Amino acid sequence: MKILVCISKSPDTTSKIAFTDSNTKFDENGVQYIVNPYDEWYALVRALELKEANGGSVTIITVGTANDDSVIRKALAIGADEAIRIDTEPTDAYYTAMQIANYANSNGFDLVLTGKETINYNGSQVGGMIAEAMSLPFISLASRLDVNGTTLTLETEITGGLQVIEAQLPLVVSCAKGMAEQRIPNMRGIMAARTKPLTVIAPTENEVFTSFESYTMPEAKSACKMISPENMDELVSLLHNEAKVI
Amino acid sequence: MSVLVYINSINGLSKSAFEVVTYASKIGGEISVVTNGDLTSDELQKLGQYGANKVMIDRSVKTNDTEQITNVVANAAKTVNATTVVFSHDLISKAVSPKLSVRLKAGLVSGAIEVPNGNTIRVNVFSGKAIGHVTVKTSTKIISLLPNSIQPEVTGSDCSVEDFDGQAGDAKIKVIDTKKPEGEIPLPEAELVVSAGRGLKGPENWGMVEDLATELGAATACSRPVADIGWRPHHEHVGQTGVAIRPNLYIAAGISGAIQHLAGVNGSKVIVVINTDAEAPFFKAADYGIIGDAFEVLPRLTEAIKKFKASN
Numbered sequence: 001m002k003i004l005v006c007i008s009k010s011p012d013t014t015s016k017i018a019f020t021d022s023n024t025k026f027d028e029n030g031v032q033y034i035v036n037p038y039d040e041w042y043a044l045v046r047a048l049e050l051k052e053a054n055g056g057s058v059t060i061i062t063v064g065t066a067n068d069d070s071v072i073r074k075a076l077a078i079g080a081d082e083a084i085r086i087d088t089e090p091t092d093a094y095y096t097a098m099q100i101a102n103y104a105n106s107n108g109f110d111l112v113l114t115g116k117e118t119i120n121y122n123g124s125q126v127g128g129m130i131a132e133a134m135s136l137p138f139i140s141l142a143s144r145l146d147v148n149g150t151t152l153t154l155e156t157e158i159t160g161g162l163q164v165i166e167a168q169l170p171l172v173v174s175c176a177k178g179m180a181e182q183r184i185p186n187m188r189g190i191m192a193a194r195t196k197p198l199t200v201i202a203p204t205e206n207e208v209f210t211s212f213e214s215y216t217m218p219e220a221k222s223a224c225k226m227i228s229p230e231n232m233d234e235l236v237s238l239l240h241n242e243a244k245v246i
Numbered sequence: 247m248s249v250l251v252y253i254n255s256i257n258g259l260s261k262s263a264f265e266v267v268t269y270a271s272k273i274g275g276e277i278s279v280v281t282n283g284d285l286t287s288d289e290l291q292k293l294g295q296y297g298a299n300k301v302m303i304d305r306s307v308k309t310n311d312t313e314q315i316t317n318v319v320a321n322a323a324k325t326v327n328a329t330t331v332v333f334s335h336d337l338i339s340k341a342v343s344p345k346l347s348v349r350l351k352a353g354l355v356s357g358a359i360e361v362p363n364g365n366t367i368r369v370n371v372f373s374g375k376a377i378g379h380v381t382v383k384t385s386t387k388i389i390s391l392l393p394n395s396i397q398p399e400v401t402g403s404d405c406s407v408e409d410f411d412g413q414a415g416d417a418k419i420k421v422i423d424t425k426k427p428e429g430e431i432p433l434p435e436a437e438l439v440v441s442a443g444r445g446l447k448g449p450e451n452w453g454m455v456e457d458l459a460t461e462l463g464a465a466t467a468c469s470r471p472v473a474d475i476g477w478r479p480h481h482e483h484v485g486q487t488g489v490a491i492r493p494n495l496y497i498a499a500g501i502s503g504a505i506q507h508l509a510g511v512n513g514s515k516v517i518v519v520i521n522t523d524a525e526a527p528f529f530k531a532a533d534y535g536i537i538g539d540a541f542e543v544l545p546r547l548t549e550a551i552k553k554f555k556a557s558n
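So the sequence lines, in the order shown, correspond to chains A and B. Residues in the first sequence are numbered consecutively from 1, following our numbering. Residues in the second sequence are numbered consecutively from 247, following our numbering.
Because the hints were derived from the structure by calculation, they are not lab data. The model shown is predicted, which means the values in this text are computed figures rather than measured ones. Note that beta-carbon positions come from the ideal geometry of N, C-alpha and C, so glycine has one too. Any given hint could be a false lead.
FRET-style restraints, in silico, Cβ to Cβ [to be verified]:
#: 1; chain 1: A; residue 1: Gly108; chain 2: B; residue 2: Lys351; range: 19 to 29 angstroms
#: 2; chain 1: B; residue 1: Pro545; chain 2: A; residue 2: Thr150; range: 48 to 58 angstroms
#: 3; chain 1: B; residue 1: Asp409; chain 2: A; residue 2: Thr14; range: 49 to 59 angstroms
#: 4; chain 1: B; residue 1: Ile475; chain 2: A; residue 2: Arg73; range: 30 to 40 angstroms
#: 5; chain 1: B; residue 1: Ile475; chain 2: A; residue 2: Ser214; range: 37 to 47 angstroms
#: 6; chain 1: B; residue 1: Gly258; chain 2: A; residue 2: His240; range: 49 to 59 angstroms
#: 7; chain 1: A; residue 1: Val164; chain 2: B; residue 2: Ser287; range: 25 to 35 angstroms
Calculated pairs, DSBU-like style, for lysine-lysine (alpha carbon to alpha carbon, straight line, at most 30 angstroms) [claimed, not checked]:
#: 8; chain 1: B; residue 1: Lys261; chain 2: A; residue 2: Lys2
#: 9; chain 1: A; residue 1: Lys244; chain 2: B; residue 2: Lys418
#: 10; chain 1: A; residue 1: Lys244; chain 2: B; residue 2: Lys324
#: 11; chain 1: B; residue 1: Lys292; chain 2: A; residue 2: Lys16
#: 12; chain 1: A; residue 1: Lys244; chain 2: B; residue 2: Lys351
#: 13; chain 1: B; residue 1: Lys292; chain 2: A; residue 2: Lys225
#: 14; chain 1: A; residue 1: Lys225; chain 2: B; residue 2: Lys351
#: 15; chain 1: B; residue 1: Lys292; chain 2: B; residue 2: Lys515
#: 16; chain 1: B; residue 1: Lys552; chain 2: A; residue 2: Lys25
#: 17; chain 1: B; residue 1: Lys552; chain 2: A; residue 2: Lys225
#: 18; chain 1: A; residue 1: Lys25; chain 2: B; residue 2: Lys261
#: 19; chain 1: B; residue 1: Lys351; chain 2: A; residue 2: Lys25
#: 20; chain 1: A; residue 1: Lys221; chain 2: B; residue 2: Lys530
#: 21; chain 1: B; residue 1: Lys515; chain 2: A; residue 2: Lys244
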């Protein structure tokens with residue numbers, strides 16, 4: 001089975017979020033980039049498990065500039081066979097998805113995996129867009145994925161619960177918590193990643209649908225009001241009369 | 247201007263359905279709702295009270311087959327010449343809205359928190375740590391509204407409900423089983439949430455969390471370590487890599503408030519933190535703080551809620 005895993009970079013989860021250039025750009029000063037956790041922990045690791053069990057190959061793909069090569073090497077260190085980087089800024093979700101779909105369409109993958117969303121833009125858009133551009137069904141937020149021939153059994157979140165479904169390959173799936181456990185790359189993996197193929201390809205012409213013009217910070221919280229642990233009646237009264245939430 | 251709203255009514259109409267119709271009516275123009283399943287017209291006509299002019303229902307699609315739902319919404323958008331399509335940013339929208347964006351060549355704005363100002367829409371980004379101002383460059387736009395961002399408003403009266411053939415096509419998925427926790431309130435929709443972390447010391451101590459939740463009518467949640475060691479199910483994990491929630495009230499006991507946890511709950515309107523450690527970072531994000539032992543404070547709070555309910 002040929003699996004394509006879509007990787008995005010995201011700021012480390014402990015990064016300070018700030019903006020520059022009159023609040024039009026994310027301030028990258030001091031920010032460490034990582035592989036977006038959903039892409040790495042769930043999509044990539046599950047792809048590797050499927051390859052280990054059934055054979056095949058795992059290719060990772062990202063849309064980004066040469067600055068992203070270190071993030072790609074991290075994903076290779078975890079165990080992917082090869083990497084593709086489409087050499088352009090991932091301007092918006094549509095533009096990014098079309099780049100990946102164009103590559104995937106001409107390279108015949110059985111399964112395309114994405115994380116459920118990036119932790120910076122939280123859009124949950126790219127996977128579904130790739131699927132539509134490839135005329136494939138899209139299964140979102142899967143927490144389990146098993147393969148039997150060309151039939152996939154998936155567990156996906158639905159409002160207030162889970163459903164177990166079957167679907168046929170080829171398919172695009174977005175991966176959520178529960179699908180796999182995080183893997184820490186070992187020294188052999190890190191060494192091997194240095195020599196694995198990282199192919200840089202030119203972008204295709206595509207439209208951009210949306211653009212982030214600027215950013216603001218949410219209103220700061222007022223100071224925390226401390227309440228005595230003995231006096232829960234006061235808390236209830238504040239929640240009712242002041243906060244008006246009960 | 248024509249606004250189309252998709253509503254998932256398979257489990258009946260939820261608050262988020264009234265929110266998205268209210269949102270659409272604030273955008274203005276002719277408001278049509280499209281849905282699927284087998285909800286009665288008597289139920290669906292209520293959406294008119296929130297501003298819908300008509301409801302179209304495709305009764306042939308009775309599952310959450312997002313491929314079929316995409317077909318139905320796309321055909322509805324053509325039928326009403328929609329210039330804006332609105333979703334609630336829920337599990338269905340996350341599958342359907344990106345497919346629809348490609349099919350209709352319409353820019354998609356996910357996680358919107360306000361009504362558009364011209365072509366600019368404010369959205370939550372960086373897991374709620376910042377707000378992005380997004381402009382849409384296409385003539386048709388799709389907006390996926392973050393739940394609990396606006397309050398439903400009754401402004402009108404019941405509207406007409408018509409059957410709609412959305413040419414859903416063949417099912418792409420076969421549903422084998424659905425697992426719905428009995429009697430529990432789904433976390434993403436809950437207005438009140440009681441959550442606990444490692445400070446509770448073991449799964450056997452969750453009774454007092456559940457007692458408080460039951461008394462409040464709240465959903466229960468937990469921190470990541472608690473889900474990872476198996477004290478609580480994964481679907482209860484709120485935080486950056488779990489579920490992001492925006493309830494009116496979030497009560498956290500025995501959770502220190504790591505930045506990754508805050509990312510999942512900082513959209514909450516009011517946060518109450520109970521922790522023995524006065525230095526816990528969570529107090530900086532809290533509205534009300536109690537420095538104390540959850541084992542004493544939680545039962546005391548449950549009693550106080552009981553007393554409050556009895557006197558109101």
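Hints and how they fare:
no., hint, verdict
1, Gly108(A) with Lys351(B): 19 to 29 angstroms, "26 angstroms, holds"
2, Pro545(B) with Thr150(A): 48 to 58 angstroms, "55 angstroms, holds"
3, Asp409(B) with Thr14(A): 49 to 59 angstroms, "53 angstroms, holds"
4, Ile475(B) with Arg73(A): 30 to 40 angstroms, "32 angstroms, holds"
5, Ile475(B) with Ser214(A): 37 to 47 angstroms, "42 angstroms, holds"
6, Gly258(B) with His240(A): 49 to 59 angstroms, "29 angstroms, violated"
7, Val164(A) with Ser287(B): 25 to 35 angstroms, "32 angstroms, holds"
8, Lys261(B) with Lys2(A), "43 angstroms, violated"
9, Lys244(A) with Lys418(B), "46 angstroms, violated"
10, Lys244(A) with Lys324(B), "43 angstroms, violated"
11, Lys292(B) with Lys16(A), "45 angstroms, violated"
12, Lys244(A) with Lys351(B), "43 angstroms, violated"
13, Lys292(B) with Lys225(A), "41 angstroms, violated"
14, Lys225(A) with Lys351(B), "49 angstroms, violated"
15, Lys292(B) with Lys515(B), "28 angstroms, holds"
16, Lys552(B) with Lys25(A), "50 angstroms, violated"
17, Lys552(B) with Lys225(A), "23 angstroms, holds"
18, Lys25(A) with Lys261(B), "35 angstroms, violated"
19, Lys351(B) with Lys25(A), "26 angstroms, holds"
20, Lys221(A) with Lys530(B), "8 angstroms, holds"
21, Lys515(B) with Lys244(A), "10 angstroms, holds"
The structure shown violates the earlier hints numbered 6, 8, 9, 10, 11, 12, 13, 14, 16 and 18.
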